[in-house]
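Trainee: Here is how the chains run, residue by residue.
2 protein chains.
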Amino acid sequence: MQLAREVVFQPEGKRVRVRSRVSVLEAAHLAGVDITSVCGGKGECGKCRVVIKNVENVNPPTDVEKGVLTSEELSAGYRLACRTLINVSIVVRVPEESRTGKQRLQVEGIEAKVKLEPSVRKYFVKLSKPTLEDSMSDFDRLVEKLWKQYGISVFEAEYEVVKPLASILRNADWKITVTVLDDRRIIDVEPRSTMDRSFGYAVDIGTTKLAGYLLNLTTGKVVAAGSLMNPQIHYGEDIVTRIGYKDHRELQRVVVEGTNQILSDLCERVGVSQEEVYEVTVVGNTAMHHLFLNIYPKYLALSPYTPVIRQGIDINAKEIGVKINPNGRVHVLPVVAGFVGADCVAAILATRVYKINKLCMVLDIGTNTEVVLGNKDKMLACSCASGPAFEGGHIKHGMRASSGAIEKVTINPETLEVKYKTIDDVKPCGICGSAVVDVPAEMLKTGVIDVAGKMNSNLNSPRLREKDDVLEFVLAWKNETSTGRDIVVTQHDLREIQLAKAAIHTGAVTLMKEAKVKEDDIDVVFIAGAFGSYIDPENARIIGMYPEVPLKRVKMVGNAAGTGARMALVSKTARENAEEISRKVKYVELASVPDFKSELMNSSFIPYADLSCYPDTSQLLRKLGKFPKKSILKFRS
Amino acid sequence: MQLAREVVFQPEGKRVRVRSRVSVLEAAHLAGVDITSVCGGKGECGKCRVVIKNVENVNPPTDVEKGVLTSEELSAGYRLACRTLINVSIVVRVPEESRTGKQRLQVEGIEAKVKLEPSVRKYFVKLSKPTLEDSMSDFDRLVEKLWKQYGISVFEAEYEVVKPLASILRNADWKITVTVLDDRRIIDVEPRSTMDRSFGYAVDIGTTKLAGYLLNLTTGKVVAAGSLMNPQIHYGEDIVTRIGYKDHRELQRVVVEGTNQILSDLCERVGVSQEEVYEVTVVGNTAMHHLFLNIYPKYLALSPYTPVIRQGIDINAKEIGVKINPNGRVHVLPVVAGFVGADCVAAILATRVYKINKLCMVLDIGTNTEVVLGNKDKMLACSCASGPAFEGGHIKHGMRASSGAIEKVTINPETLEVKYKTIDDVKPCGICGSAVVDVPAEMLKTGVIDVAGKMNSNLNSPRLREKDDVLEFVLAWKNETSTGRDIVVTQHDLREIQLAKAAIHTGAVTLMKEAKVKEDDIDVVFIAGAFGSYIDPENARIIGMYPEVPLKRVKMVGNAAGTGARMALVSKTARENAEEISRKVKYVELASVPDFKSELMNSSFIPYADLSCYPDTSQLLRKLGKFPKKSILKFRS
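Residue numbers (my numbering), protein chains in the order written: chain A, 131 to 767; chain B, 131 to 767.
These are computed hints drawn from the structure, not numbers from a lab. Treat the hints with care, as some may be off.
[To be verified] Computed list of lysine-lysine pairs in BS3-like fashion (alpha-carbon distance at most 30 Å, straight line): (1) Lys252/A x Lys549/A; (2) Lys508/A x Lys549/B; (3) Lys549/B x Lys597/B; (4) Lys716/B x Lys259/A; (5) Lys275/A x Lys714/B.
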């Protein structure tokens, strides 16, 4: 017999009973307590810090934990949730910095301007009753009427509609509303007129968050929008960890549940029944796409990174558990390649790059950043493993954009004093993506770092200090913070940020080389992505996240992928355009570009190894007296 | 607490535990013991006779039973299974005459001559492996190869095929066989070449029996055929009883199970896996059609008898529980009207009536008999409630065509001695359909009955006797039979037979009037149906089952509906033809024809009220000295 152990999570007091040797992280998942875990419980990321109240009831600290946690922390009960196995009942406190938290999730995007032509339409008809002289089948009667009254040739019907059709028609006294898909397949028959009750749902499945939009299909307008963390987060924060997870059905189940959860909230908010929602459009990167559909994803993560299917997919909602009308459909937009997904296709749709003459660059920033360069004639796209730094990952005090996160930083060039702003204006507990962009820009302008990202150890400021042989810069002193610890940015953190921005920059530069264009040729830079619109475009340019084009050509477009999903929801032409985009975009595999590695090295400089490409930033640095004295080595392949 | 009662059925010794007050008929269903029940357990047909070994453990005989069973039978323990409720454990003997039995089920039909063009085709391909330079999606790779090698444009795939596609391709080293539906939708991908392993299954769902055919789709040949009683029989033998049954899902479940059972037997017999069966075609009358698909059937039985859907239906096999390849399809052929179903469409397909110039009549004999009259220019069809007499129903000693059934009868015109033949040449226990046709013909020729069907009470023969004020004629004496009872044909039985044949004849004559044609104009009479080919065509003509056309124009075509189902299985053109037939056939509702009732009365004479329509039969009777002396009243509306 095995006694169940009880685990209590504080401060919320959630309880769960588990078997022996279950990890605290697994127990937290069971209890529905959010704990950040970037590596998916492999003991690699060190993010799932918890405080165990009765350490005698768990295993002793592992070597992994001894490497990550200080001896003070260990003696205060700090442990990594994924490495801590429960022997006897315990009480666990989850500190604020380890919370996944209620993130600031951006759902706004540019307005979708498309002609209203949804797949799903409703038609009200009054049928004549059958007689011995006119005893044609109920379905024929319906089809004939739709043809005569509306001129549409229906020739298919959902099986579940035909089954009860006879009694629906008679109970409704032959006055009914018919819901038709693509003007050819009947998917619902309802008594009376319900002509104005036709809704659709557009979903953007991000690696980190889900954004959902409820639209009225008779007007094309958004009636409600909402978002949620992607529940797959529990199984690992990055794509590769999730692809490697043993049970993809489980990953599908939770992400579908998440989309259902948003929809149910939106419907309740505006008084719509989920049965009145007839169609869903879905965008997401290729891994999210495959996992949402439970399509075997393994080879997305292995060279040559081929997706299983590129085309847009139509599927019955019930087949994958999406809770809308039982005969409703899900349309998943097409992808381009293993690392350029439906979200990128949707962003191109939303920014109209595929239609216009101007040369555009799109940066859709996320854990993976997609870069697109082109116009209606030709489009190139690549994917950059920018990593989670701009989402607070791999940064010592990094966190998501939730309450208490430092989101804006300025450093006084004279005093090196720091001014910051936190989300909700509460005491800070960490720094989020937009501040992660500010920090190196501010440090460069104030001489805290040089163009190589190296901290200047000769600075005379208490904020710059060395700890365990690593330089760090204090953004907030412990008496200002809610964690009781100093919030710092370390030299390691700067390296992470440099790697992240270098990845994005390399993608942009590589596409420019491939297309043989210069900064001046680029007419517009669209910065998209949930983090996109909170980032300061100037600071992003100063750190060399993207090539130096005039700031007035830079447009923040927010969640462009979500906008594209909404366009596809209300417009069949938009779906056709998405297919065209999917076929037309040429995928550039960065790893196979000859000078990829040297370009990545060059791009890791702030803003770039070759400052002649950044004349404005050079001038600014020169003005501030921070222009590098020695020439920068430019790496060549 | 309620104790379960045990019921033992003899002689097979099957046991079942039931709760109190369950009827013996229900217990028999639970135990899987076949007991004939024409009325579906309503106490109306008196067919479910059983012997209860311990009558003290059941309810006393009901009034219904006292009306049906003699006092000798009641004291011998005879009861009606549907009226007998179980109080305590009992032993039940099911006499042979109450057995549904292993019926002689005809599956043969005329050969289906069609060009081989199945919906389902297999293609073997060897794909190139993806590289960084050629990293298109797995599905694109497959589609491109199918286009280049075979010239087919596939643009759809079954979701369940896409999900594991990546690993199937790689595990098969990119050498695979693709199964494609209609050259546009991939429904299976298998490792290696399985080009020669593609099978289909054609099913004829009769009210009484199911006939199934396993075909090799690469050759178009039948590889095995088999049949089974329609398990819906347990819920009532006639269509109206089944339509009125409370749980249509249950009726669907059992008939699908029946079709699965036949298929599984056929597959085992010839070494085919059910996964290798990709498509099923189904025919049946409109009620069977609706019940097979669980389409609400109520209004089929109510004037104006409109079907819910007329068109042919394609549905995923798994959606209705048909056990073939998980991505396989079921095609249900179209119907014409509420009482003219897909079986009739298939019979027209098989007899090619819709294609030829000759004027044809098709009689598809069953519990409901469909009559078709026409040719390629015009076709009329009607349905006649011929009832179960030709299947042994409503006949005192009637039974199905199973072992021991008298199937052939001749009466010596001098001695009135009876010669009979039984199925399997064992002792007789009842009479089946073909003998039901012989009996009145023989009786007419020997003067046992007159043209009105009335027995001649002046006959000097021990075989003709009166019992309970009803005349009856002994076909087999009790010492010859296996039941220990005389097997007789009563005056009531003759009335039933007259009603049955009158219904068929009325249908035929009504269509002839509608089409303004005479007997001589008819070039071919096709007699179809499971009972069709065992019936003596001459005797059938003598009793006036169909209009008197020269016998050489009469063709027995067996199970033509099954033949049509096979044609549709291997030929897409045949399916299109079926749709055309379904649209083209004009349904004639007999009940709305003005002189229907008088025609029915006229048709109840043997062979017919107006003997001038039966010159050959009149001549025969005249020769035998049995020509009616007084003129026959011809009824007019």
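Trainee: None of the hints should be skipped; say for each whether it holds.
Mentor: Each hint, compared with the structure:
Restraint check for Lys252/A and Lys549/A: not satisfied, since their Cα atoms lie roughly 56 Å apart, outside the 30 Å limit. Under the criterion of a C-alpha separation no larger than 30 Å, the hint pairing Lys508/A with Lys549/B is inconsistent with the structure, at around 91 Å. For the given pair, Lys549/B sits about 23 Å from Lys597/B by alpha-carbon distance, which is consistent with the 30 Å threshold. Our distance criterion of 30 Å between C-alpha atoms is met by Lys716/B and Lys259/A, whose separation comes to about 20 Å.
The suggested pairing of Lys275/A with Lys714/B holds, with an alpha-carbon distance near 20 Å, which does not exceed 30 Å.
Hints 1, 2 from the earlier list are contradicted by this structure; the remaining hints agree with it.
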